[in-house]
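Asker: Protein chains in written order, with the numbering used here: chain A, 1 to 298; chain B, 1 to 225.
None of these hints come from the bench; they were simulated from the model. Mixed in with the good hints there might be a few duds.
Said to hold, decoys possible - In silico lysine-lysine, DSBU-like type, Cα no more than 35 Å apart, as pairs:
id: 1; chain 1: B; residue 1: Lys-130; chain 2: A; residue 2: Lys-144
id: 2; chain 1: B; residue 1: Lys-27; chain 2: A; residue 2: Lys-297
id: 3; chain 1: B; residue 1: Lys-27; chain 2: B; residue 2: Lys-89
id: 4; chain 1: B; residue 1: Lys-56; chain 2: B; residue 2: Lys-94
id: 5; chain 1: A; residue 1: Lys-297; chain 2: B; residue 2: Lys-64
id: 6; chain 1: A; residue 1: Lys-297; chain 2: B; residue 2: Lys-94
id: 7; chain 1: B; residue 1: Lys-56; chain 2: B; residue 2: Lys-115
id: 8; chain 1: A; residue 1: Lys-297; chain 2: B; residue 2: Lys-89
id: 9; chain 1: B; residue 1: Lys-64; chain 2: B; residue 2: Lys-130
id: 10; chain 1: B; residue 1: Lys-12; chain 2: B; residue 2: Lys-115
id: 11; chain 1: A; residue 1: Lys-63; chain 2: B; residue 2: Lys-56
id: 12; chain 1: B; residue 1: Lys-89; chain 2: B; residue 2: Lys-56
id: 13; chain 1: B; residue 1: Lys-56; chain 2: B; residue 2: Lys-27
id: 14; chain 1: A; residue 1: Lys-112; chain 2: A; residue 2: Lys-63
id: 15; chain 1: A; residue 1: Lys-247; chain 2: B; residue 2: Lys-27
As the list claims (entries may be wrong) - A few chain B positions that, by computed beta-carbon distances, are all more than 12 Å from chain A:
id: 16; residue: Met-1
id: 17; residue: Thr-132
id: 18; residue: Arg-150
id: 19; residue: Ser-198
The beta-carbon is built from N, C-alpha and C at its ideal position, and this holds for glycine as well.
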Amino acid sequence: MKFDYIARETANNLRRNITLTIAAIMTVAVSLALFGSTLLVRQGVDNVSARWQDGIEVIAFLKPDVSDEQRDAIETTIAENPEVGRWRYVDREESHEEAMRLFERNEAMRTKLEASPDLVPDSYRLTPESSDVNLMNSLGEQLKAEPGVLEVTDVTESIETVVGVSEFAQRAMLIVGVGLLVAALLLILNAIRMAMFARRREIEVMKLVGATNWFIRVPFMLEGIVQGLVGAGMALGAVVALDRFMKNAAENPEYRDIMQGFVASSDELVMTAIVVMVLGIVIGAAGSGWALSRFLKV
Amino acid sequence: MITFEQVSKIYKGNVEALHGASATIEKGEFVFLVGPSGSGKSTMLRLINREETADKGRIFVAGKDIARLSSWRVPYLRRNIGCIFQDYKLLTSKTVYENVAFALEVIGRPRHVVKAQVPAILELVGLDSKATNLPEELSGGEQQRVSIARAFVNRPLILLADEPTGNLDPATSVGIMRLLDRINRTGTTVVMATHDRSIVDTMQRRVIELEHGEIIRDQARGVYQ
């Protein structure tokens with residue numbers, strides 16, 4: 001009896017107020033989708049940073065006409081530098097093979113490489129003792145000063161760029177997501193307020209005949225929670241789709257190296273899903289609770 | 001059944017709606033509250049079912065000091081008090097049957113109780129043939145009967161009536177009063193605020209007269225004056 005009464009009233013409220021209900025649900029969905037995606041991508045970026053942290057390399061490319069003396073001098077510099085952990089010499093053939101592998105799918109580049117196998121210069125690959133950016137920079141400067149060195153690339157720079165850009169994007173998404181979450185809260189508040197206004201006569205009669213406060217409140221609370229939950233469900237769909245997309249991209253050899261790190265594990269996806277659903281319920285309950293405490297005097 | 005002890009009620013803006021009112025209404029009594037508009041009749045009714053709370057004095061309903069009732073118990077107090085109004089307060093989207101059933105459903109009465117009691121009470125008020133009509137399809141007197149059915153379906157100890165005949169013609173009013181009299185005879189205490197002189201004079205029941213928030217007359221078997 002009570003159960004069907006409550007289910008019926010909740011459904012009626014949602015239907016009666018369909019436009020506002022849809023607006024509230026959509027806003028919850030978009031805000032939580034942004035929120036969930038940010039969470040998912042953040043975990044991915046953490047993975048990437050962790051992965052690159054122990055593989056950081058400084059590469060010193062040598063001039064094509066480097067002399068043996070110059071090469072010896074460079075090796076001495078490297079060997080004497082306490083900041084250098086591991087290091088190795090990569091000769092022209094190995095560099096060529098590496099380049100051919102990297103540009104596996106790029107026909108034009110492969111043709112070019114095949115035509116002139118000496119295109120990629122010899123290099124020294126160094127792994128510093130620590131990943132301290134300043135130490136790496138000073139190491140880079142030192143190597144650049146050597147006469148036989150053509151160019152020094154420092155992988156940290158590109159990682160920092162990637163991480164920096166993604167952090168900026170995440171922050172922007174988070175701000176927009178939180179802003180929309182507030183909008184969703186206010187929309188639910190208003191949807192419940194409208195529902196209460198539409199049913200003010202019924203509420204008046206219910207109070208007169210002695211319906212308990214909870215009995216009056218529950219359908220409105222549920223209305224808000226349903227809005228939050230449906231929105232969260234849609235957001236979850238979007239987050240799962242994003243996860244699929246990233247996993248597919250990671251399987252594509254063209255992007256494998258870039259994307260692999262970003263993929264979140266299934267535990268992380270489950271965590272994200274839980275956070276999104278809980279947030280949906282909280283937003284719905286908070287919006288309707290607020291409306292009830294402000295506009296329903298019992 | 002109902003006791004007012006030196007009750008005062010002051011609304012916002014220092015309007016004193018009731019000033020030191022004292023009265024005791026016994027179980028099964030039928031009492032008219034008379035007096036000009038703004039004399040405090042409705043305030044007295046609203047204090048009894050705790051739609052308002054007294055600023056001074058004490059009010060006892062069924063032996064309980066209702067000011068000391070915690071707010072979650074107020075609904076249970078109201079289940080013992082039926083209310084009818086000049087404007088009926090029926091739900092326009094519900095049928096006669098649904099309006100009456102609503103009062104039982106929202107206090108959690110099981111379905112078989114609703115199914116048994118609603119037709120019985122509709123028969124009592126003489127509207128069993130109109131159960132499926134909407135309120136707008138009924139006359140004023142019939143609508144008031146529906147509201148009486150709704151107020152009485154839960155068999156309350158007290159029935160509060162705030163100018164129930166205010167919108168009705170004299171002949172229809174007589175019918176409503178007969179119904180209230182019948183309900184009173186079942187042992188229900190009836191307190192009715194009214195401006196209707198002829199009703200008060202014909203019924204010959206206890207009359208409490210108010211003026212500027214004070215009880216100026218309390219007379220058994222009284223007239224309107």
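Asker: Does each hint fit the structure? Answer for all of them.
Answerer: Comparing the hints with the structure gives:
1. Between B:Lys-130 and A:Lys-144, the direct Cα distance comes to roughly 100 Å. Violation of the 35 Å bound is thereby established for this hinted pair.
2. A hinted pair counts as satisfied when its Cα atoms are at most 35 Å apart, and B:Lys-27 with A:Lys-297 qualifies at roughly 31 Å.
3. Note on B:Lys-27 and B:Lys-89: the hinted pairing holds, with a Cα-Cα distance of about 27 Å set against a maximum of 35 Å.
4. For a cut-off of 35 Å, the pair hint linking B:Lys-56 to B:Lys-94 is broken: about 40 Å separates their Cα positions.
5. Of the pairs offered as hints, the one joining A:Lys-297 and B:Lys-64 holds, with about 23 Å between alpha carbons and a cut-off of 35 Å not exceeded.
6. For the hint linking A:Lys-297 to B:Lys-94, the alpha-carbon distance of about 24 Å falls within 35 Å, and the restraint holds.
7. About 44 Å separates the Cα atoms of B:Lys-56 and B:Lys-115, which puts this hinted pair outside 35 Å; it is violated.
8. Only pairs whose Cα atoms come within 35 Å are accepted, and A:Lys-297 paired with B:Lys-89 is accepted, the gap being roughly 18 Å.
9. Of the pairs offered as hints, the one joining B:Lys-64 and B:Lys-130 is violated, with about 39 Å between alpha carbons and a cut-off of 35 Å exceeded.
10. Only pairs whose Cα atoms come within 35 Å are accepted, and B:Lys-12 paired with B:Lys-115 is rejected, the gap being roughly 44 Å.
11. Straight-line distance between C-alpha atoms of A:Lys-63 and B:Lys-56 comes to about 100 Å, which puts the hinted pair past the 35 Å bound.
12. Annotation: proposed proximity of B:Lys-89 to B:Lys-56 holds, straight-line Cα distance about 30 Å (limit 35 Å).
13. Restraint check for B:Lys-56 and B:Lys-27: satisfied, since their Cα atoms lie roughly 24 Å apart, inside the 35 Å limit.
14. Taken as a hint, the A:Lys-112 and A:Lys-63 pair is honoured in the structure, with Cα atoms around 19 Å apart against an allowance of 35 Å.
15. Distance check on the hinted pair: A:Lys-247 and B:Lys-27 sit about 78 Å apart at the alpha-carbon level, beyond 35 Å; violated.
16. With a closest Cβ-Cβ approach of about 17 Å to chain A, B:Met-1 is found to remain outside the 12 Å limit, as its non-interface label requires.
17. Distance check for B:Thr-132 against chain A: the nearest CB is about 19 Å away, which clears 12 Å, and the non-interface claim stands.
18. At roughly 7 Å, the least C-beta separation between B:Arg-150 and chain A is not larger than 12 Å, which violates its mark as non-interface.
19. No beta-carbon of chain A is positioned within 12 Å of the beta-carbon of B:Ser-198; the least distance is around 28 Å.
Against the hints set out earlier in the document, violations occur for numbers 1, 4, 7, 9, 10, 11, 15 and 18.
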